[in-house]
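Enquirer: Chains as they are written, first to last, in the working numbering: chain A, 1 to 245; chain D, 1 to 138.
The set of hints was computed from the structure by calculation and includes no laboratory data. All clues given are correct.
To spell it out: a stretch of chain A is covered by chain D in this simulated footprint if at least three of its residues, at any positions, have a beta carbon under 8 Å from a beta carbon of chain D; those stretches are: (1) 83–97; (2) 212–226; (3) 229–236.
Now the in silico label distances, taken between C-beta atoms and shown as ranges: (4) A/A15 / D/G90: 36 to 46 Å; (5) A/G208 / D/F93: 40 to 50 Å; (6) D/G132 / A/L16: 13 to 23 Å; (7) D/F44 / A/E197: 25 to 35 Å; (8) A/T152 / D/A64: 41 to 51 Å; (9) A/A15 / D/F93: 28 to 38 Å; (10) D/N50 / A/G184: 25 to 35 Å; (11) A/L227 / D/F93: 29 to 39 Å; (12) A/Q199 / D/A67: 47 to 57 Å; (13) D/L49 / A/D175: 32 to 42 Å; (14) A/I30 / D/F44: 29 to 39 Å.
All residues carry an ideal CB built from backbone N, CA and C; glycine is no exception.
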Amino acid sequence: MLMRWTSDFDNPNGALLGLISAAFSIGAVIAIPVVPYVNDRFGRKHSITLGSAILLVGVVVQTASINIAMFLVARILLGMGIPFCINGASQLIAELTYPRHTAVLNGLFNESWYVGAIIAAGVTLGTFSMPNDWAWRIPSLLQIVPSLLQVTFIWFIPESPRWLVSRDRSEEAFDILVEYHGEGDRDSALVAAEFAEIQATVRAEMEGSKRRWVELVQTPGNRRRTLIAACVGMFSQWSGNGLVS
Amino acid sequence: MLNISSYYLAKVLATVGITDRRKQNQINLGLTCWNLVTGVTGAFLTKKLNRRTQYMIAFVGMTAVFACWTGASADYAMTKNTQAAGAVVGMIFVYYMFYTIMHPLTYVYITEVFPFVHRAKGVALTQLFSRGGSSFNQ
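Could you put together the complete structure from these sequences and hints?
Expert: Dropping the structure here:
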């Protein structure tokens with residue numbers, strides 16, 4: 001913990017520090033039940049837009065913090081924004097990218113965490129000896145850069161074709177597939193096959209589902225998927241990564 | 001964000017006599033860069049390996065290395081042998097190599113396992129359990 005931050009906030013005690021570090025998770029737990037709704041209703045892209053907008057507010061509040069309450073609220077906001085971004089982005093990559101590259105790209109997406117960690121470590125190393133409150137306000141403010149890039153450039157990237165089909169916007173989905181998977185060829189065999197597969201599966205899945213949470217435990221296949229989702233989440237955290245995060 | 005050297009890494013390094021803050025920060029930064037290199041390699045491994053094989057290699061490797069790490073750490077505790085301390089630091093790096101073979105798979109695997117209609121909820125569940133898991137760590 002930064003010395004300067006600690007003294008600026010009157011040396012908060014252990015319980016308060018625990019609350020501040022938990023605030024991020026509290027924010028995430030508040031947001032997560034709403035995240036799938038936003039994703040399915042407004043799209044993968046705008047889940048990212050909303051998440052980034054929440055992050056922008058969080059960063060401003062954190063950087064401008066004049067007391068511990070403001071800092072705490074900021075941490076909760078930051079915790080709320082992230083799940084919208086990750087949920088939207090991982091699905092956008094899964095549903096939009098060229099099928100042969102999807103796994104590698106979604107893998108690289110998760111590894112980009114370390115790029116941020118390296119930059120954050122470098123910045124903090126550079127500012128922590130500053131004699132004033134900029135020692136922590138500068139690293140805090142710089143967190144705004146990725147979210148600003150997101151809200152600026154999200155408008156220039158295509159939406160998930162699968163999501164568009166699910167919202168009865170098949171023509172837009174076809175155009176995106178032609179441009180990004182068929183190199184502009186409207187008669188591309190790959191695009192025709194992909195488009196037919198997407199329409200058939202999305203239609204069949206939508207007819208067989210009301211998209212309610214309870215469906216995740218109603219069939220043996222879905223129970224197994226739910227167990228996998230829980231284990232993948234838990235064991236990615238319970239395997240010693242606390243050392244570096 | 002406020003941690004230069006992670007709290008836990010600092011404690012682990014302190015158990016093998018590395019208490020100098022500058023040294024701890026250097027090891028932490030080195031480890032993060034190492035994680036990026038091995039993690040990117042792990043992302044490309046998805047082309048060669050199927051998902052369960054990749055998970056198995058990661059978890060078997062982590063278990064084996066953790067056993068050696070514990071052994072070297074115990075050796076240092078009994079003998080104060082600096083070579084044992086060096087071995088612990090080396091073991092941390094190898095451990096994280098195996099961890100980052102698995103790390104890129106999280107969203108790859110979960111978006112593949114769930115069909116379109118439930119995908120957003122599936123990813124949200126993973127996020128919930130991942131948050132729950134990390135709160136438990138604290």
